Amino acid sequence: MTWLAIRQHRVRVVSMALLVVLWAGFVTVERLYPGIRGISAGLFPYLPLVMGVFLGAPLLSREYERGTHQFAWTQSISRSRWLAPQLGTAAVLALVTTGLVTALIWWSLRALPPELTGALPFTWTLFALALGAFWSAVTRRTTVAMGSAFFGVAACQLMAEGLRNRAAREFGWSPATLGAVEAAITAGLAGVLIAGAWWFVTRRDPG
Amino acid sequence: MSDGMSGVPAFEAAGAGLRYGRTWVLRGCFASVPQGRVAALVGPNGAGKSSLMRLAVGLRRADEGEVRVFGQPPRGANLPRVAFVAQDKPLYPELTVAETIRAGAGLNPRFDVQGARKRLDDLGVPQRKRIRQLSGGQRAQVAITLAVAKRADLVVLDEPLANLDPLARHEVMEGLMSAVAERGLTVLLSSHVVAELAEVCDHLILVSRGRVQVAGDIEELVSAHRLLVGPSGTTPAGSYDVIGRSDTERQTTLLARVRGPVHDPRWTTRELSLEDMVLGYLRAPEAVLAPRPVAL
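Chains A and B supply the protein sequences, listed in that same order. Residue numbers for the first sequence follow our numbering, beginning at 38 and rising by one. Residue numbers for the second sequence follow our numbering, beginning at 1043 and rising by one.
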């Protein structure tokens, strides 16, 4: 039920709006003092971490921890139909935030670095969110899911960095090809993780 | 909802079992509650009452046997027919009462918004307050109101009176019974305090040590049991089963299920309260009185 999902995300919507506002302020400073230009773009890799930790990780564990899954799952709709708007709301919120931040970086630099071009920032956001939601469904503990999401996303970013360099060296791929392949892989992993979270919610019995 | 299937039990457990990991918390449970009854699920703490309720509302699937609600498993298209209030009355604490009603309306096609608002007004629960600001009694009323407003045919309440003061207990019970009278609901409610259920319930399921020990109509159960008191060293003549006995120097007291009159001038026969009967069975865990229902 979409209204409930959006209502439950209200605090997180406000937090993401604040984050965008802060970022906008920082980018404005960058435009006033061109010498520091590029710092906000360098902060971008932390954005997927924020998505995984604050939007993904609490998604299901908060229900388990407060026992409200017993309320949500004994209404008239199936768990799948309950889960879809929850994931959907978190995904839309994460994608809009990422889009706004990417636009702000473009406004500052008048160009986007390779890791921020095309679908790449959005697939990374979705991947981080999905990883957080997956750990949320598996561990049922917000703090544990947050930690797992944080280190999981950070480790994947490091691995991606290594793989990117290696692919560029050994296959001689252009940045565009690299970006497309990376986007496809992150999007695919996000899909797998969402399917995993769905499986745990609908197929595994709550304790 | 009358659907011409009034013969189908509202709730039925057919050899149902449930385990957490390798530990079975319920094993081979047989019980059936006819439609329109107010059934008490009683038993000591940790006996498996909550587990049986989780099976009834589809939060868990039986690991053996089957649980049926109006003849169907409590899943999918059958979910609208069952409402559940879990033990801690879980509701979203950051939502206001009005928002909680709105959530209920969005999650249930048959939800009675007007009825829920009116009931909470009558009970004096302020709808602009957040759930976390309510007292325990008010919170219980909101949770039960939502379950009733779902217009389910079976309402399952896990320890609805726990953590409530006596006045709130009375009000919660009164509210529930008025809803039962209005809507002709079947109710399954649990408690470890038998006394608070005796007045309102007409059906009993006694759970102990992970199985259903006694199940049936309360009046029939109580009238089938007698307390037999007589001199020690003797046994009364007649047709009965002894559930429990206690001996003092001079006299023997038997808790018995009688099948016919007990003729013995030295023995007196006394009627039992529901509570005494339940206690008797709890002291004699090997005595089982749960007729196996005919499989559908």
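Be aware that one or more of the hints could be misleading.
Claimed, not checked - Coverage of chain A stretches by chain B, computed from C-beta distances (three or more under 8 Å per stretch; other residues unrestricted):
1. 52-65
2. 71-79
3. 163-177
Stated by the list, open to error - Far from chain A, some chain B residues (derived; all Cβ distances over 10 Å):
4. E1108
5. E1136
6. E1141
7. N1150
8. D1164
9. D1207
10. I1260
11. G1302
12. D1306
13. W1309
Claimed, not checked - Part of the chain B face toward chain A, derived, beta carbon under 10 Å:
14. G1100
15. P1115
16. A1145
17. V1155
18. G1157
19. K1160
20. P1208
21. L1209
22. A1221
These are calculated hints, taken from the structure and not from any lab test. Since the model is a prediction, treat every value here as computed from it, not as a measurement. C-beta atoms are modelled at their ideal positions from N, C-alpha and C, and glycine is treated no differently.
Query raised in the report: Which hint numbers doesn't this structure obey?
Result: Checked against the structure, the hints that fail are numbers 1, 2, 3, 5, 6, 7, 15, 17, 18, 19, 20, 21 and 22, while the rest are satisfied.
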